[in-house]
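Q: Next come the chains, spelled out residue by residue.
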Amino acid sequence: MEIIIKEIKNGVEGHFVGRLDTVAATKVGSEMTKLGEYADKEILLDFAELEFISSSGLRLLLMLNKQAKAKKGKVIIANASDEVKHVLKLTGFISLFEIR
Amino acid sequence: MFKLPITNDISEMEQLEKFVDDMAEAFKLEDDFKFQLGLALDEAVANVVMYAYPEQEGMPIHIEADGEQGKKLIIRIIDEGIEFNPLAEAPDVDTDATTEEREIGGLGIFLVKESMDTVQYERENGKNILTMTKNL
Numbered sequence: 006m007e008i009i010i011k012e013i014k015n016g017v018e019g020h021f022v023g024r025l026d027t028v029a030a031t032k033v034g035s036e037m038t039k040l041g042e043y044a045d046k047e048i049l050l051d052f053a054e055l056e057f058i059s060s061s062g063l064r065l066l067l068m069l070n071k072q073a074k075a076k077k078g079k080v081i082i083a084n085a086s087d088e089v090k091h092v093l094k095l096t097g098f099i100s101l102f103e104i105r
Numbered sequence: 003m004f005k006l007p008i009t010n011d012i013s014e015m016e017q018l019e020k021f022v023d024d025m026a027e028a029f030k031l032e033d034d035f036k037f038q039l040g041l042a043l044d045e046a047v048a049n050v051v052m053y054a055y056p057e058q059e060g061m062p063i064h065i066e067a068d069g070e071q072g073k074k075l076i077i078r079i080i081d082e083g084i085e086f087n088p089l090a091e092a093p094d095v096d097t098d099a100t101t102e103e104r105e106i107g108g109l110g111i112f113l114v115k116e117s118m119d120t121v122q123y124e125r126e127n128g129k130n131i132l133t134m135t136k137n138l
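Taken in order, these protein sequences are the chains called A and B.
Going by the numbering used here, the first sequence opens with residue 6, and the numbers climb by one from there.
Going by the numbering used here, the second sequence opens with residue 3, and the numbers climb by one from there.
None of these hints come from the bench; they were simulated from the model.
One or more hints might be untrue.
[As the list claims (entries may be wrong)] Here are the simulated lysine to aspartate or glutamate pairs, DMTMM-like style, with alpha carbons at most 25 angstroms apart:
no.	chain 1	residue 1	chain 2	residue 2
1	B	LYS5	B	ASP94
2	B	LYS36	A	ASP51
3	B	LYS129	B	GLU85
4	A	LYS32	B	ASP23
5	A	LYS74	B	ASP98
6	B	LYS36	A	GLU18
7	B	LYS136	A	GLU47
8	A	LYS90	B	GLU102
9	B	LYS73	B	ASP34
10	A	LYS71	A	GLU7
11	B	LYS20	B	GLU32
12	A	LYS94	B	GLU85
13	B	LYS20	A	ASP87
14	A	LYS14	A	ASP51
15	B	LYS20	B	ASP68
16	B	LYS20	A	GLU56
17	A	LYS46	B	GLU102
18	B	LYS73	B	GLU32
19	A	LYS79	B	ASP96
20	A	LYS76	A	GLU56
21	A	LYS90	B	ASP96
22	A	LYS94	B	GLU116
23	A	LYS90	B	ASP68
24	A	LYS77	A	GLU56
25	A	LYS94	A	GLU47
26	A	LYS11	A	GLU56
27	B	LYS73	A	GLU88
28	B	LYS74	B	GLU27
29	A	LYS39	B	GLU105
30	A	LYS77	B	ASP98
31	B	LYS73	B	ASP119
Using the sequences plus the hints, can you model the full thing?
A: Next up, the structure:
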């Protein structure tokens, strides 16, 4: 699992590559912290190359969204696969984020 | 029968991906089906790794899978840890809750139930046995 981070006009973009499963979720703490530094801006999560997500990954997304809500920022999820979207729908996460 | 013996260490769960790949190949699973199977396994095994053996390392967890092509898959996760029924312990999930209302965690077993057709827990001879089935 890799999260490639770059600054964009209104905030930051995180490009997720690989599987965000239980093991991977324990290893991306510093990247998630980095994304959280933009909690008062726009945090765009590009899921085009995210192959898998489980509840450990959802937990990270929720923590990031809590930070953004508290600081009046926004988390956007873009290009999620049908399978990842299905998990977001099942858990109701789909309505917590702006989905593109 | 597919078997994957691991110990109660999160890093051991890296082997799950190949385990699911092997099953997908053997039973010719579609991508969405394979995703759901991987999800149920990741969640259910994580639960055992984290709770079955408090304060103990290198303890056994047996993962078994069997099935009939075109019918159903049966997966069993067996440990010799403390008696723990994840189905009874799992909190109710309010999928309509807002970001602010939501607690961190508690979605794992919910996703296991949503991804599989049946999920059953038994305590037998000092072992926790979680049996999950999915119709093909």
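Q: Which hint numbers doesn't this structure obey?
A: 1, 6, 7, 12, 20, 23, 24
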